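Colleague: Both chains come to you apart, so use the hints to assemble them.
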Amino acid sequence: MKNDMTLRFLSVSKNEAFARATVGAFISQLDPTMDELTEIKTVVSEAVTNAIIHGYHNEPDHYITVTCAIEDSGAIELIISDEGMGIENIKQAQEPLYTSKPHLERSGMGFTIMESFMDGLAIKSTINEGTTVTMKKQLTTANSVCH
Amino acid sequence: MSLTTFFTIKEDVLIIRLSGELDHHEATILREAWQNKLREGTVKHVILNLEEVSFMDSSGIGVLLGRYKEIMQLGGELVVCAVNPSIERIFNMSGMFKIIRLEPNEENALLSLGVAS
Ligand SMILES: Nc1ncnc2c1ncn2[C@@H]1O[C@H](COP(=O)(O)OP(=O)(O)O)[C@@H](O)[C@H]1O
Ligand SMILES: [Mg+2]
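Order-wise, the sequence lines are chains A and B.
Each residue of the first sequence is one higher than the one before, counting from 1 in the numbering used here.
Each residue of the second sequence is one higher than the one before, counting from 1 in the numbering used here.
Hint data in this document are derived by calculation from the structure and do not stem from the laboratory.
Just so it is clear, the structure is predicted and the values come from calculations on it, not from any experiment.
Do not take every clue at face value.
Unchecked claim - So, partial list: chain A residues that the calculated Cβ filter (under 8 Å) puts toward chain B:
| # | residue |
| --- | --- |
| 1 | GLU16 |
| 2 | ALA17 |
| 3 | THR38 |
| 4 | THR42 |
| 5 | SER45 |
| 6 | ARG106 |
| 7 | SER107 |
| 8 | GLY110 |
| 9 | THR112 |
| 10 | SER116 |
Beta carbons are placed, not taken as given, at the ideal position from N, Cα and C, and that holds for glycine.
Excised from the complex, chain B in its bound form (with noise of 0.2 Å):
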């Protein structure tokens, strides 16, 4: 089981819904379609939608404090939604969430960002 990556954009704010396993191999794919996303300079902030992701390791928290860093730097904000417990449980391990906004699901993420869903 790979990795599908989908892009939608709302307002200024770029929506990435995974699907799929993210490990190291699908996180250099996804941080070259990302950072590609980024650079056409139209959104400012980026909702992470985790929901459909089965399977993560540490390359999946490598690939967002990437990206966290580059969005910073734009003045924007990366906020992660829908996480499950065991995807939870590595953020935790790291220190994820002392940086990195959570909410429950896209729509309260949308909303934390202002934009109206």
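So that you can see chain A by itself, here it is in the shape it has in the complex (with noise of 0.2 Å):
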């Protein structure tokens, strides 16, 4: 069976912990383990920080969309999308460390575990226009299957 949700939110750097916490509770029903619990909870944090830092410049009065879509198999997407400034060059803002925003104390270390905690991730970023980070990830739980 599949299933999907999606939250839509003003940039307010509060809902960093809103949309991470509410994307968990909804994969909770493929009984993940606590560490991909924590992968995912992660990665969402990082994408909407994201779109709220760099696609908003921290304008709070903006919105953010975040989906996810389950699989009985264990399958996630996730997909975190602004319609901010967008990205000039993707491959270099991919780079481990590169932060466009060293004066906001980035570390530049977004993307890097994005990729590290999902199995794809893909940007789609038009200048101007905002940004779509598109992440995958399969479950290591049979436990789904099941039920």
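Modeller: Encoded structure:
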């Protein structure tokens, strides 16, 4: 069986916790391991934070969309999108430790963490139109197949 | 779940105990409070106890590196202790342990700075 949900919320930094907790609650029906749950929450947090800081320059009055689709087989797809400034050089953005905002104490590790915690990461971005990050992960648990 | 911060001072060491989730939102608040403590000028070293931190992402790395630089400038040292495996993974990925010392607990961290606990 398939299931999915979509969240739409303002680019307020308090919503970083809201987004990862909600996605975490949604994927709990697949019985993920604690590690898998932490990984999913972390990548949601990274992508939503990026939308707020980079996509919208910390302006709290724009919208971010998070979609999470799951399958009984344990497949998870996450799509996080903003309609912000976009990324000029995606390849450079993905380099470990690269950040365009060092003055904001960014570590440049967001995309590296997303890549390492998930099975697949795709970034689509257009300058002044926005960014969509799509991530996929196959949970190792077989529990979900039974019920 | 937000982040709670407890500050304690022992000799010239500022001990910071965090509890909760350390993300971008909380890192911004922590940065301010931590900088204010450093500016009071009574401490040299900092021990950051992460035992009660249940979640941390790359924003946590950012705030740690930022304070690391400030503490270095004061001639002090930043020691991180009681890191759980999922946080340790993020530390490893970003090469944090090459520059910041990790201790298993607060007692060891204090001893490493020459303060008897
Ligand atoms: N949603 C986004 N909109 C615009 N730029 C982005 C977005 N996400 C990431 N970026 C760019 O990619 C860079 C790398 O992102 P990341 O690896 O998360 O590091 P950090 O957030 O620490 O800068 C950012 O510094 C920024 O320039
Ligand atoms: Mg980031």
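Colleague: Evaluate each hint against the coordinates.
Modeller: Hint-by-hint comparison with the structure:
A distance limit of 8 Å between C-beta atoms decides the matter here; for GLU16 (chain A) the minimum to chain B is near 5 Å, and the interface restraint holds. Hint on ALA17 (chain A) holds. Least Cβ distance to chain B is approximately 6 Å, under the 8 Å limit. At a threshold of 8 Å, the smallest CB-CB gap from THR38 (chain A) to chain B is about 5 Å, leaving the interface hint in force. The interface hint given for THR42 (chain A) is met, as the beta carbon of that residue sits about 5 Å from the closest beta carbon of chain B, less than 8 Å.
Restraint check, SER45 (chain A) versus chain B: the minimum CB separation of about 5 Å is within 8 Å; hint holds. Nearest Cβ of chain B to the Cβ of ARG106 (chain A): about 5 Å, under the 8 Å cut. The hint holds. About 4 Å separates the beta-carbon of SER107 (chain A) from the nearest beta-carbon of chain B, less than 8 Å, and the hint is met. Among the interface hints, the one on GLY110 (chain A) holds; its C-beta lies about 5 Å from the nearest C-beta in chain B, closer than the 8 Å criterion.
For THR112 (chain A), the suggested interface contact is upheld, since its CB lies about 6 Å from the closest CB of chain B, less than 8 Å. Taking 8 Å as the C-beta contact cut-off toward chain B, the hint placing SER116 (chain A) at the interface holds, the least distance being around 6 Å.
This entry satisfies every hint, going by the numbered hints stated previously.
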